[in-house]
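Trainee: So the chains spell out like this:
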Amino acid sequence: MVGSKKNTLYAVLVLVPSIFLLAVFVYGFIGNSFYISLTDWGSGAGLQENPVKNFVGLYNYRELFTGFIHERFRQDLINAIYYSLFLVAGTLALGLFLAILLDKGPKGEHIFRTTFLFPMALSFIVTGTIWRWVFSPKGGVNVIPTWFGMEKGSFLWLSSRELVWTFNWQNVLQIIAVILFLIFAFTFYTGWKKGKRRQLVLSGSVAGLFLFYALVLHRFMPPILPYEETHGFSLATIGVIIAAVWQYSGYTMALYLAGLRGLPVAMYESAKMDGAGDLTYYFKIAIPNMWPITLSAIIILSHISLKLFALIFSMAGADNASTGHPSVLMYLVTFRANNFAVGAAISVILFLMAALFIIPYLIQSYRARR
Amino acid sequence: MSQSTLRKVHPSVYVLLLVVLAVFLVPIYMAVITALKNPAEISLSTAWKLPSKLYWRSFADALDLLLPSLKNSVVLTVSGTVISALVGSLNGFVFSKNRFRGSEILFTLFLFGMFIPYQIILIPLFQVLRSIGIYGSLSGLILAHVVYGIPITTLIFRNFYDQIPDSLVESARLDGAGFFSLYGRLFLPLSIPGFVVVGIWQFTQIWNEFLWGVTLTKQDAQPVTVGLAQLAGGQAVSWNLPMAGSFLAGLPVLLIYILLGQYFIRGLLAGSVKE
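First to last, the protein sequences are chains R and L. Numbering-wise (my numbering), the first sequence opens with residue 1 and increments by one. Numbering-wise (my numbering), the second sequence opens with residue 1001 and increments by one.
Some hints here could point you the wrong way.
[Claimed, not checked] Cross-link-like lysine-lysine pairs, in silico, PhoX-like; alpha carbons within 25 Å at most: (1) R:Lys307 / L:Lys1218; (2) R:Lys152 / L:Lys1049; (3) R:Lys107 / L:Lys1008; (4) R:Lys107 / R:Lys5; (5) R:Lys272 / R:Lys284; (6) R:Lys104 / L:Lys1008; (7) R:Lys193 / R:Lys284; (8) R:Lys194 / R:Lys284; (9) R:Lys272 / R:Lys104; (10) R:Lys284 / L:Lys1008; (11) R:Lys272 / L:Lys1008; (12) L:Lys1218 / L:Lys1071; (13) R:Lys104 / R:Lys307.
These are calculated hints, taken from the structure and not from any lab test.
Can you build the whole structure from these sequences, using the hints too?
Mentor: Encoded structure:
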């Protein structure tokens, strides 16, 4: 609805303070962080009134990805990817499972829903403090096996240094190329099935390029590190992942429960008429029909996974490298070591990871509103 | 499913639900029994056992330690919530009922601000607060929460006002209601549920926030999350105090959740941008 001119004038005037604040505090600050990341601010006395800032281009980024001293950043980045994958997969699966259990309205539904959802209301600091106690190496869950007459568990939940699914950082570009190849090979396949020629040609040639890089070109590239460096899935992160899934499964449960109850009853009845059991109904009909919910849950949860800072901080401590996350490292580098430029570079990388999900999502929701 | 009574619930559903329920309550059980134990009785191998005698002192001790930061959190949360709810209400009114050319793009640009990882604005924010002289104080923290709360409060109020029919606005305008009288006389009185949803949402967010608390405040302005992290972070600390402290720090939001849960869920679902 478009009101009169006077109305529009008032409308804009009301918005002016917010526009100004967001322009400065969101867009201006993002630009400023990016600029800081291109300087060497903090290599000297970072906190003085007029700190020395020299422009160094992409030097900080190059150091983070290939420099000797930033090994922790690279492992943190791998941790961040696994945190996101497992948090999203875990909360979607558990949330969906709970929503299906509750869909038919069992007795006491309200109590179940309330219990599954209450962790979301709490601060990561509160839940992290409690989970730290649950996962303490000599007590907590490690005692459980003794109830069944077994040996006490000895897994160091939050401080294990063990890595699995390891790879050499020197091959990281090759691995990325293979992953991208698989993605484009998949779109190639769907294009082939649907008979879309343009998609076929485009994704086929991109997939070919990545495959060519992975198999041939990579051998001729200079190594990004002069020595081998092992990274992988850090087992110490499992405890944090469990706590995070515990905290956010109620959220996906609420989303899916609303989704299931929004489906027309006729859909269920006609499936029953066709002889489908409950399992067939949920997996073949209900879940595919809730794809939009799944998609927005994936986006929100990947975004939440980038904010695990407080949970990791309270559960394992900021200095614990094996549960590290770039957001925690950014805090350490910036506010403990006063190395503002490198801290800003880490924050830019975090931001770009979030933007990858958020910008398409916002564009899509903008189009949907129009 | 609306006609749920048509369908029988299989007994195995209850079994599964109860198992998950038990697992969900494990951390709470551990926190309760540990908070109520005499520190001398707490040891890792008896972590699951009930206290032999209830020991309430830990709550009083934790309260003593957390009181200054609890006070800070109350001031911070109440003022941050009230201001950002008012701003969000006015903004939502504009974006819902006073659209103009480009207002949709502007709205999308607003929303972007709630999806950024806040590390990306942290260093400039720290610098700006320092240069205007409110770094380390509560007012700096309130400012941050108000500014970065604009997107979500605007979104929730916009979705809320979208449910008010346009015809109502049209007829009020025909009766000569201008921008502000329309807002003040018609929308504001209708906004109570919207304020409840936004208020609960912001209250919970601000109360629970940690990143800004730990980076932008000095000792005497710390919110309770930072106070609790310090209480629990010490090496030699016995576990009854952090557990009791967790209760104190979680209590306000937990009460809100129990008493006003439906509004909390509405804010939660509004957080995923929808039409």
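Trainee: Run through the hints listed earlier and report the numbers of any the structure violates, in increasing order.
Mentor: 4 and 13
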